[in-house]
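**Q** Take these sequences, add in the hints, and give me the full structure.
With my numbering as the guide, the letters of the sequence shown map in order to residues 6 to 228.
Just so you know, the hints here were simulated from the structure itself, not pulled from any lab data.
These numbers were taken from a predicted model, which means no experiment stands behind them.
Treat the hints with caution; some may be incorrect.
Ranges of calculated distance between the beta carbons of each label pair, as one might list FRET restraints [what the hints assert, rightly or not]:
(1) L220 <-> A127: 22 to 28 angstroms
(2) Q189 <-> G128: 17 to 23 angstroms
(3) D56 <-> K171: 46 to 52 angstroms
(4) P216 <-> S118: 19 to 25 angstroms
(5) D205 <-> L45: 47 to 53 angstroms
(6) E141 <-> A47: 33 to 39 angstroms
Calculated cross-link-like contacts (lysine-lysine; reagent style DSBU-like; alpha-carbon spacing at most 35 angstroms) [to be verified]:
(7) K227 <-> K181
(8) K212 <-> K181
(9) K195 <-> K221
(10) K181 <-> K95
(11) K191 <-> K221
(12) K212 <-> K225
(13) K167 <-> K225
(14) K225 <-> K151
(15) K195 <-> K215
(16) K225 <-> K95
(17) K191 <-> K225
(18) K153 <-> K102
C-beta: ideal position from N, C-alpha, C; glycine also.
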Amino acid sequence: MALIFIRTAIIFVTLLAVMRLMGKSQIGEMQPFEFVITLLIAELACIPMADSSIPLLYGVISILAIFVLHQTVWLIDLLFRPMKTVICGKPSLVINKQGIDSYQLRKNNLDVSDLVESMRSAGYFNLDDVYYGLYEANGSFSALPKEKLTPTLPLVLIDGGKTVEKNMSISGMDRKELEEFVRQQKCRLKDVLVMTVDGDGRVYFQKKGKPYSILKCEVKGKW
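**A** Below you can see the structure in the form of structure tokens.
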């Protein structure tokens, strides 16, 4: 029992020193390669702590080797700028003055619902509350907000050409009414990238590959 405690303490001190040297304290701040390294370190640390038959030195050397690799990648990133994109990726502009860039969303394995959730987390509840929105290389969302935000909570009714039945029910709009509204915009349901509506009937409407429009419709629901 005492041996396990001592081995765990040694691994803990080694990990603490390595993580401090890596200069990161939060997973959300890490670049992709740093996140991978952190997962590897956690796995390597568990093995010698749990199995006393494995020499403790093996675990310590493995962790130190990962640290050396981290520093090597960091130096390559620092000295050869083109490698930064290869190793860490680059920001993706998912919202511009035309609206949502569906290509950039697909490229990052995201859909409109993911984007809406990221915007809400950043304090923006309407898709047209920002001039530009982008996902950084580390996965965080950044935005350039407009001077005046719309103080309403919109519901996503159409996401990638598919209806969101739960939100339609809340808004009080049935499928027939929604399809009629879409027809008035001279397109089909499957051609709509996104449509949201707030409690005042304010609609954010964007066809696939087209700029967005702000429209009005009648809503029966209250939220």
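**Q** If a hint holds in the structure, say so; if it does not, say that too.
**A** The hints, checked one at a time:
For the pair L220 and A127, the supplied restraint of 22 to 28 angstroms holds, since their beta-carbon distance comes to about 25 angstroms. For the pair Q189 and G128, the supplied restraint of 17 to 23 angstroms is violated, since their beta-carbon distance comes to about 33 angstroms. Distance hint check for D56 and K171: the Cβ-Cβ separation is about 49 angstroms, which falls inside the suggested range of 46 to 52 angstroms. The beta-carbon spacing between P216 and S118, approximately 21 angstroms, falls within the hinted interval of 19 to 25 angstroms.
D205 and L45 have their C-beta atoms about 51 angstroms apart, which keeps the hinted 47 to 53 angstroms range intact. Checked against the hint of 33 to 39 angstroms, the C-beta distance between E141 and A47 comes to roughly 24 angstroms, which is inconsistent with it. About 20 angstroms separates the Cα atoms of K227 and K181, which keeps this hinted pair within 35 angstroms; it holds. Restraint check for K212 and K181: satisfied, since their Cα atoms lie roughly 19 angstroms apart, inside the 35 angstroms limit.
At most 35 angstroms may separate the alpha-carbon atoms for a hinted pair to count; K195 and K221 meet this at roughly 20 angstroms. For the hint linking K181 to K95, the alpha-carbon distance of about 42 angstroms lies beyond 35 angstroms, and the restraint is violated. With a C-alpha separation of about 15 angstroms, the suggested pair K191 and K221 falls inside the 35 angstroms cut-off, and the hint holds. A hinted pair counts as satisfied when its Cα atoms are at most 35 angstroms apart, and K212 with K225 qualifies at roughly 24 angstroms.
For the given pair, K167 sits about 21 angstroms from K225 by alpha-carbon distance, which is consistent with the 35 angstroms threshold. Of the supplied pair hints, the one linking K225 and K151 holds, its CA atoms being roughly 29 angstroms apart against a limit of 35 angstroms. Restraint check: the Cα-Cα separation between K195 and K215 comes to about 14 angstroms, which is no more than 35 angstroms; the hinted pair holds. With a C-alpha separation of about 43 angstroms, the suggested pairing of K225 with K95 is violated against the 35 angstroms cut-off.
Between K191 and K225 the alpha-carbon distance is near 24 angstroms, which keeps this suggested pair within the 35 angstroms criterion. Distance hint between K153 and K102 is fulfilled; the C-alpha atoms sit about 15 angstroms from each other, no more than 35 angstroms.
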